[in-house]
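Please build the complex by placing chain B on the supplied structure of chain A, with the hints as guidance.
Chains as they are written, first to last, in the numbering used here: chain A, 10 to 95; chain B, 10 to 95.
Derived by calculation from the structure, the hints in this document are not laboratory data. These numbers were taken from a predicted model, which means no experiment stands behind them. Among the hints, a few may not be true.
One copy or any two copies: either way a pair holds, since identical chains are not told apart in the list.
The calculated lysine to aspartate or glutamate pairs, modelled on EDC-like cross-linking and capped at a C-alpha distance of 16 Å, are [to be verified]:
#1 K63 / D46
#2 K63 / D21
#3 K78 / E33
#4 K63 / E87
#5 K17 / E33
#6 K15 / E33
#7 K63 / E51
#8 K14 / E33
#9 K17 / E89
#10 K14 / D46
Number of protein chains: 2
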Amino acid sequence: MSDTKKNKSTVDIYGQQYTIVGTESTSHIRLIASMVDDKMREIGSANPSLDTSKLAVLTAVNAVNDYIKMKDRVESLEAEIKRLKD
Amino acid sequence: MSDTKKNKSTVDIYGQQYTIVGTESTSHIRLIASMVDDKMREIGSANPSLDTSKLAVLTAVNAVNDYIKMKDRVESLEAEIKRLKD
Chain A
10 MSDTKKNKST
20 VDIYGQQYTI
30 VGTESTSHIR
40 LIASMVDDKM
50 REIGSANPSL
60 DTSKLAVLTA
70 VNAVNDYIKM
80 KDRVESLEAE
90 IKRLKD
Chain B
10 MSDTKKNKST
20 VDIYGQQYTI
30 VGTESTSHIR
40 LIASMVDDKM
50 REIGSANPSL
60 DTSKLAVLTA
70 VNAVNDYIKM
80 KDRVESLEAE
90 IKRLKD
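The shape of chain A in the complex, shown without the other chains (with noise of 0.2 Å):
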């Protein structure tokens, strides 16, 4: 037994329906799957020529590396704050 609630909602993105089950609300499920089908168009447009599987996988390469700028980015504003704080 959980106190956490398990959202489940059913998404589509390029085309295709997902059921994704997350503590995140439902809103905030169906923003993340309109960013990654708007990313898998944006990449699809620029490369006609991948299938659906090679396109996702950029699209996650993609998302990674922002994430890890984003990361880079939280350590480098928590370094500010210890120095401001001391």
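For chain B alone, coordinates are given in the frame of chain A:
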């Protein structure tokens, strides 16, 4: 003409080869690719019935979700820095 050097790296993700072109170093691109590969294997072993394409889409959903969390954290750290400086 641009001063920014583009690197071309060939990486292996989930048994497929991808050529990725970007301003990031080859070692950075390899790191990102291995993170995507790990995440696909993790989601794949939890959901063995998924095909590669759906697996890659769900990996992208995961990565975008992680990105959004980090982005929210950046915004809250920036607000804290602003408070500390005022």
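Going down the list of hints, with the structure as the test:
For the identical chains of this complex, K63 and D46 are neighbours both inside a copy (14 Å) and across copies (13 Å), given an alpha-carbon limit of 16 Å. Within a single copy, K63 and D21 get their C-alpha atoms only as close as 18 Å, which misses the 16 Å cut-off; across copies the closest is 12 Å, which meets it. In this homomeric assembly, K78 and E33 come within 16 Å of each other (Cα to Cα) only across copies, at 11 Å, whereas the closest approach inside a single copy is 23 Å. Taking the closest pair of Cα atoms, K63 and E87 never come within 16 Å of each other, the shortest separation being 36 Å inside a single copy and 36 Å across copies.
When the C-alpha separation of K17 and E33 is checked against a cutoff of 16 Å, the pair qualifies only within one copy, where the shortest distance is 9 Å, while the shortest distance between copies is 37 Å. For the identical chains of this complex, K15 and E33 are intra-copy neighbours only, at 8 Å inside a copy versus 38 Å across copies, given an alpha-carbon limit of 16 Å. Taking the closest pair of Cα atoms, K63 and E51 come within 16 Å of each other only inside a single copy of the chain (14 Å); across copies the shortest separation is 18 Å, beyond that limit. Taking the shortest alpha-carbon separations for K14 and E33, only the intra-copy value of 9 Å comes in at or below 16 Å, while the best inter-copy value is 40 Å.
Within a single copy, K17 and E89 get their C-alpha atoms no closer than 39 Å, and across copies no closer than 34 Å, so neither meets the 16 Å cut-off. Proximity of K14 to D46 under the C-alpha cut-off of 16 Å is found in neither arrangement, the shortest distances being 26 Å within a copy and 30 Å between copies.
Checked against the numbered hints above, the structure violates hints 4, 9 and 10; every other hint is satisfied.
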